[in-house]
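Peer 1: In case you want the letters, here they are:
Protein chains: 4
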Amino acid sequence: MVEEMTDELTSSLFSTAEMTRIFSPASQLRAMMRFEWALACALESNGVAAAGLGAALEKLLDASFVDQASLREKALDAGNIVIPFLHQLTRKTEETYGSGCCVHLGATSQDVLDTALVLQMREALDVLFRAIDRLDAALSKQVREHAETVLTGRTWLQAGPPTTLGLKLAATLAAIRRHRLRLRAAAERALFLQFGGAVGTLAALGDAGAGVSRTLAEKLELPEPDMPWHTRRDDLVEVAAVLALLTGSLGKFAKDVALLMQPEVGEVSEPLREGRGSSSTMPQKRNPVACATVLACAERVPGLVATLLTAMPQEHERGLGLWQAEWETLPQIFRLTAAALDRSVEIAEGLVVNAAQMLANLKALRGLNMAEAVSIALAQKLGRAPAHEMLRRAAERAHRENCSLREVLKRTPEVTAHLSEDEIDRLMNPRAYLGSSQRFIARVLEAADADR
Amino acid sequence: MVEEMTDELTSSLFSTAEMTRIFSPASQLRAMMRFEWALACALESNGVAAAGLGAALEKLLDASFVDQASLREKALDAGNIVIPFLHQLTRKTEETYGSGCCVHLGATSQDVLDTALVLQMREALDVLFRAIDRLDAALSKQVREHAETVLTGRTWLQAGPPTTLGLKLAATLAAIRRHRLRLRAAAERALFLQFGGAVGTLAALGDAGAGVSRTLAEKLELPEPDMPWHTRRDDLVEVAAVLALLTGSLGKFAKDVALLMQPEVGEVSEPLREGRGSSSTMPQKRNPVACATVLACAERVPGLVATLLTAMPQEHERGLGLWQAEWETLPQIFRLTAAALDRSVEIAEGLVVNAAQMLANLKALRGLNMAEAVSIALAQKLGRAPAHEMLRRAAERAHRENCSLREVLKRTPEVTAHLSEDEIDRLMNPRAYLGSSQRFIARVLEAADADR
Amino acid sequence: MVEEMTDELTSSLFSTAEMTRIFSPASQLRAMMRFEWALACALESNGVAAAGLGAALEKLLDASFVDQASLREKALDAGNIVIPFLHQLTRKTEETYGSGCCVHLGATSQDVLDTALVLQMREALDVLFRAIDRLDAALSKQVREHAETVLTGRTWLQAGPPTTLGLKLAATLAAIRRHRLRLRAAAERALFLQFGGAVGTLAALGDAGAGVSRTLAEKLELPEPDMPWHTRRDDLVEVAAVLALLTGSLGKFAKDVALLMQPEVGEVSEPLREGRGSSSTMPQKRNPVACATVLACAERVPGLVATLLTAMPQEHERGLGLWQAEWETLPQIFRLTAAALDRSVEIAEGLVVNAAQMLANLKALRGLNMAEAVSIALAQKLGRAPAHEMLRRAAERAHRENCSLREVLKRTPEVTAHLSEDEIDRLMNPRAYLGSSQRFIARVLEAADADR
Amino acid sequence: MVEEMTDELTSSLFSTAEMTRIFSPASQLRAMMRFEWALACALESNGVAAAGLGAALEKLLDASFVDQASLREKALDAGNIVIPFLHQLTRKTEETYGSGCCVHLGATSQDVLDTALVLQMREALDVLFRAIDRLDAALSKQVREHAETVLTGRTWLQAGPPTTLGLKLAATLAAIRRHRLRLRAAAERALFLQFGGAVGTLAALGDAGAGVSRTLAEKLELPEPDMPWHTRRDDLVEVAAVLALLTGSLGKFAKDVALLMQPEVGEVSEPLREGRGSSSTMPQKRNPVACATVLACAERVPGLVATLLTAMPQEHERGLGLWQAEWETLPQIFRLTAAALDRSVEIAEGLVVNAAQMLANLKALRGLNMAEAVSIALAQKLGRAPAHEMLRRAAERAHRENCSLREVLKRTPEVTAHLSEDEIDRLMNPRAYLGSSQRFIARVLEAADADR
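If you read the sequences in order, they're chains G, L, C and X. Using the working numbering, you'd call the opening residue of the first sequence number 267 and step up by one each time. Using the working numbering, you'd call the opening residue of the second sequence number 267 and step up by one each time. Using the working numbering, you'd call the opening residue of the third sequence number 267 and step up by one each time. Using the working numbering, you'd call the opening residue of the fourth sequence number 267 and step up by one each time.
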């Protein structure tokens, strides 16, 4: 019933089709079913359950037998979705196999929910790693291509000496690669079986606990942890935190693009395919909609991560309220991250660069942003502070008289006493004031190659 | 297609059916449609649109013509859902009315989205106010009933002098009433028309702007603001902040109930109707599932409010990324608040009180929590600090010797020099040490009656 | 000992001298002392304490007797600062008055801490209200002065139709006024005595509770609440939430100024007094340092408010950990808000406006931002959608051919069939396309006058 | 001037003396001075500065020449503390060395601030690693000692089957060890030189950039990054995120101790040394003040981390407002983490365990928490669901009749048909129902040993 969906119409903006599927109710039920099937097999092969239960559950792996509406309704009383799910599963197993006797035996609700989540996360992380690889490739290409594309460096939203677009993008590239390493490490710590039974001792299985746990883990191709982690959520929350770091870096990338795309700046543009970014009332509009989405995701993830962090002190062997606060929050973080990554790939792959406008904007600064270059040159003769002060005054005069800094400098005897007109001209050339930019770019690209 | 839903299986826990409906895609589309219809009427009656447009749109008010799947897909390029919605609406109007000419004329996407949100919020707030009234009634009843039900006062999770259950609940009752006042004030500030056109000047309507705006507001029964509020989000965010304050208070209520429901305490219980709160593996379990849900909601709302607060500095006449961050966040806050309120009403209405256990627990403290009473009595004679110190030592001795404080005191000459055995007995009586509790309860109930 | 200060060197940026003083250790101790003095007087006048105690404590009101270093050290064991404070106070009272017998009698640590906080907040709120009044006055002046100063309206960081600087600032002005109302309402709810004794029953005072409480409240000129509010923190947190709303609006104001101050835009500037906003290496730099500070404050407050909101579910009669989480957080919010307000006042009072640049920027848009105006005019003849589409294509052509929209339109027969060249020229005039802007401004100013 | 301190009286609670020192103004100034000295040496050895500058600055390494009051005042105009610091340093260098000419040459303010922060963080991380080691040792000892100390397992704050204190603590131990690994990895990524000059190109140093940077890094014993990271904050924020994960785990540990310390539970206590945890009015009180502090820290850190995450999208080559939002936030996170760790070490080292009370509490459950054991045994014969239902009914009857589950079971023919009285007795024995607990503990301890 459409009417009953809590789903938002904006789902295409704040998720991707793949991620929506991975964390859909149907996928969650399949993942839960997968746990119950693997457990049945493990109970069977360890002699706890009779032969045939695993095969019986294997036929139900698609979870299509589940009546979702009833499950949702019953969840309200149960406090979680596992209990009504098990009622339905047990009934179904009785019908098809004759006995639901050993279904779920030895496990607790959280074992199912957490392991199902881990299975979903494994798939979700694969999707994210692929998107990261695409972003890496797209950015690497742009960095190489625009290594020497000069534009105004900007600090505090004011003009500084020049930099290059390649260097700007190299910083994002380097960050993306660090995030990949972080995410790998976090995934390695988080993708573990959860299996501890009622209070994490596997007591219900007696001596069979070790064996059942081992087989269960093998069936699900998940490693076994040293001990169950019902109320130790650090591994899960670490994944969320890394995703937040990642969306933060993507937000930085998108913000720069959006700022450079302002009509008064006009130096780059996100790709504007037909019909993209139009307005409902302004026919000329080309809104940076991909940037907006990335920024919205980057804005939303931190609050969700704070929720998970605050929810860590979960009571005793199973939390009251704090565990439950995770349920919808973690999938949301995955969806937002996937959306931010996808839009970032689009931007990086199709970035429109207007190098001519970059030069025009540099020129329009009338050399003021090159004041540092001259100041440094004069500092050799006058000392840093007096040179800095001299340039500060020259810059103010250029402002006041609305002329170029070059002109003012050439008219200033204290300057011309130390610098010839040619030297001044050379110092005012942006291309000659790029310092170590090419060296930095090379290092980032090299590290990237080494990393592959 | 179920597969494509982002909806969570836990929707029954973290929303209510009513709130889910109010913020469903269908309701949002109807609210958007309502805006376009009212605008059409306003354009018509102000001579901007030809006669008949309003009537034509009136037939589409249920928004059933909308192809949601297509709308979601197109939203990705448009950056919002209004543009594809308008394409569909214009096409539909052309089919049914002959011309989509003046549909949406003068308005911008944000006018539709914000006003539709306000219409949804108006309905949602009504729901919340009704729930608040029920909670008020239930708590008032419990406060009266348990005004004199004595239980251990607890500070820092340690035992203190006694208090009464009525007083405990009165504090929540008083808070709930403050929240109602806050929410009324916030609603009065937030439930306003949004109508400013492209950049908030209504320029597209020329001289007709004032008239169209007035009629539009009347049609929607919304007041007109002094000026459009596209990038001034304080009124919206205030509503969210008040809902966070409300869920915070509900969280406090639920946490106390859950703590008092611990088996070792056993003084109250949330209502345990058949099938409620069972465990998937522990047959004896009666989990406080309503408390857990309230606590989970109270844990989730603050991070969402922080997102809205951080999203306030929206750029110029329409934000880039920060506005978009609100879209799914605000409805989520409403859903969580509704769920927390509903569960709190259940708890308050059906609270199971075990007054005998309260007395038993008091008794088990062996008088130690009454140390203050004796200390105060002795302070008249010895000074506060020496009396405090004397009782601290007596309490330690009682601890050490595992006997009652009363015994120790009666064996302590420095005490018996000032207090007779009878006086000691009287001082150790919890019922005689309730101070102003009845006065406080009466005041809260009185204020409540005055408030109605 | 400077070495031991946790204070940051950046205190001047993220607080004001006044707010730093109000929430300083010395001020907090004086406020605590004020509580103890008022309590002593109340105990005396209600016959609980012997005559003279109030007078004795009156001499200690400046709290200069307190050994802060010792207090800090002892606080670690006590878990709060009240217990070591009381040890010192009692000893001092014994020395000077002969007996510390009744000092603090009937009160609990939280009574002192909360009431002292309320006293500090009362002073702090006065400071904020004064700053709000100054900001209101400065903004009102600018709104009047620049009611008709035309500049580009900007949505999604792209150009839209024109608006006026007055209208832009009017929106902030209106928000500031709403915040003042909110803050007044919140202050009225929060500035209350806290006095409940150990568990909120005033039991230690027996029948004298009501009288002592009344006198205590009178002495401190604070209203009495219906009942103690030890673990009901909604009133305090509401104040914090309103301050967050306020800094959010200030952040929006500062962000717009900073964006308009970009060298490529250059339409306004925050006041650049001598030495303000310079760089350590770039002599020409004029950094928007006031804007940066406001934005930093707006960025920091939401996380702190989320902490307070999450900390609301405090256990029973005194919280464990959550109450303690408030102690440094709330003062921090006050400091940040005061800093944001002060910098905003500076910006609003000294805003440098470059109206010529605004017009130049409008001109540089080559009429593209006026596409809506023409589209609306054509919509009368062609329908909204075809007109919108025609203008979209014309805009694209102007982009492609790098000429003005006006030229393209005049060369487009489908346009000239409906609009004469004169009409096109008129439609392209920004001053003629300001719609209801003056009406909106007038309404905001009127509402403001009414409000005073 | 005490009056001007923003420092809180609660500094001993929410920091440690060491951490307070490391992030004190004096330490920050010394770290900044260290950067300027190392830069001077690097400029000198690369032939950019004349000989002697390094030696001159070496004499100023203690930063005692800095007039902090003036620096704070000037910071307001400068927007940061580096500019006034450099004014003072340059003047001082002129006085002592004759010329301040090359001081800071090639660097920008952020180079100084970020590198100084990294130097402070290096020291701070050492402190944290030492505390982590102590906590690891203390927990390991307790895990070994209490591996078989049986207590009630608790889920949803309700009683479940038994577990052991060793297993409970092993989970925290394992988490702490994961945090150490995370923190090491994060430290390795974050402890880097920041040196890029005005816009991150080192342009001011021309060809000398590479050499100066290398020498500078060597002098500070910091690695050089691939490129400057002025607006890529992921490495810094990662450290903060890991500290949040750590405090989250500590919060979990403290919450469990506090809950077990409730008088009605009384199973453990934090160490109560003389004078620790007393109350200002209740002589018998022993407040869990260490737990409260840990919980308060765990409550405060997440909001601060959210601030840092939201602040990641910093504009272009230097952020406006978002960078500034980090300045006080990151040190605060270090202080809170240090405090939480220190208190946790205290708790872990001195934990008072009352094993007798644990058994008494288990006994008081009247076997109800053993229902699972019987249910599992019966499931072999009846199937999981019917057995679960049978036990659920037996548990309810025991509740209703206020007798033990054992009695009810022995009186229930459907049970006794399958289980003998002896079998029932055996199933009700907590010691016999600990499942894999010893295996889990052994694994955690083994992993720990391997890790050392």
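Source of the hints: derived by calculation from the structure; they are not laboratory data. Any given hint could turn out to be false.
Since the list gives no way to pick one copy over another, a pair counts as held whenever it fits inside one copy or between any two copies.
Restricting the straight-line Cα-Cα distance to at most 35 Å, the calculated cross-link-like pairs of lysine-lysine (DSBU-like) are [what the hints assert, rightly or not]:
hint	residue 1	residue 2
1	Lys676	Lys358
2	Lys485	Lys676
3	Lys358	Lys340
4	Lys325	Lys676
5	Lys325	Lys647
6	Lys340	Lys629
7	Lys629	Lys676
8	Lys325	Lys358
9	Lys407	Lys325
Peer 1: All hints are to be evaluated individually against the structure, with a verdict given for each.
Peer 2: Results for each hint:
{"no.": "1", "hint": "Lys676 to Lys358", "result": "between (90 Å within a copy, 33 Å between copies)"}
{"no.": "2", "hint": "Lys485 to Lys676", "result": "neither (79 Å within a copy, 40 Å between copies)"}
{"no.": "3", "hint": "Lys358 to Lys340", "result": "within (17 Å within a copy, 41 Å between copies)"}
{"no.": "4", "hint": "Lys325 to Lys676", "result": "neither (86 Å within a copy, 40 Å between copies)"}
{"no.": "5", "hint": "Lys325 to Lys647", "result": "between (85 Å within a copy, 25 Å between copies)"}
{"no.": "6", "hint": "Lys340 to Lys629", "result": "between (69 Å within a copy, 33 Å between copies)"}
{"no.": "7", "hint": "Lys629 to Lys676", "result": "both (18 Å within a copy, 33 Å between copies)"}
{"no.": "8", "hint": "Lys325 to Lys358", "result": "within (11 Å within a copy, 46 Å between copies)"}
{"no.": "9", "hint": "Lys407 to Lys325", "result": "neither (48 Å within a copy, 49 Å between copies)"}
Hints 2, 4 and 9, counting from the list given before, are not met by this structure.
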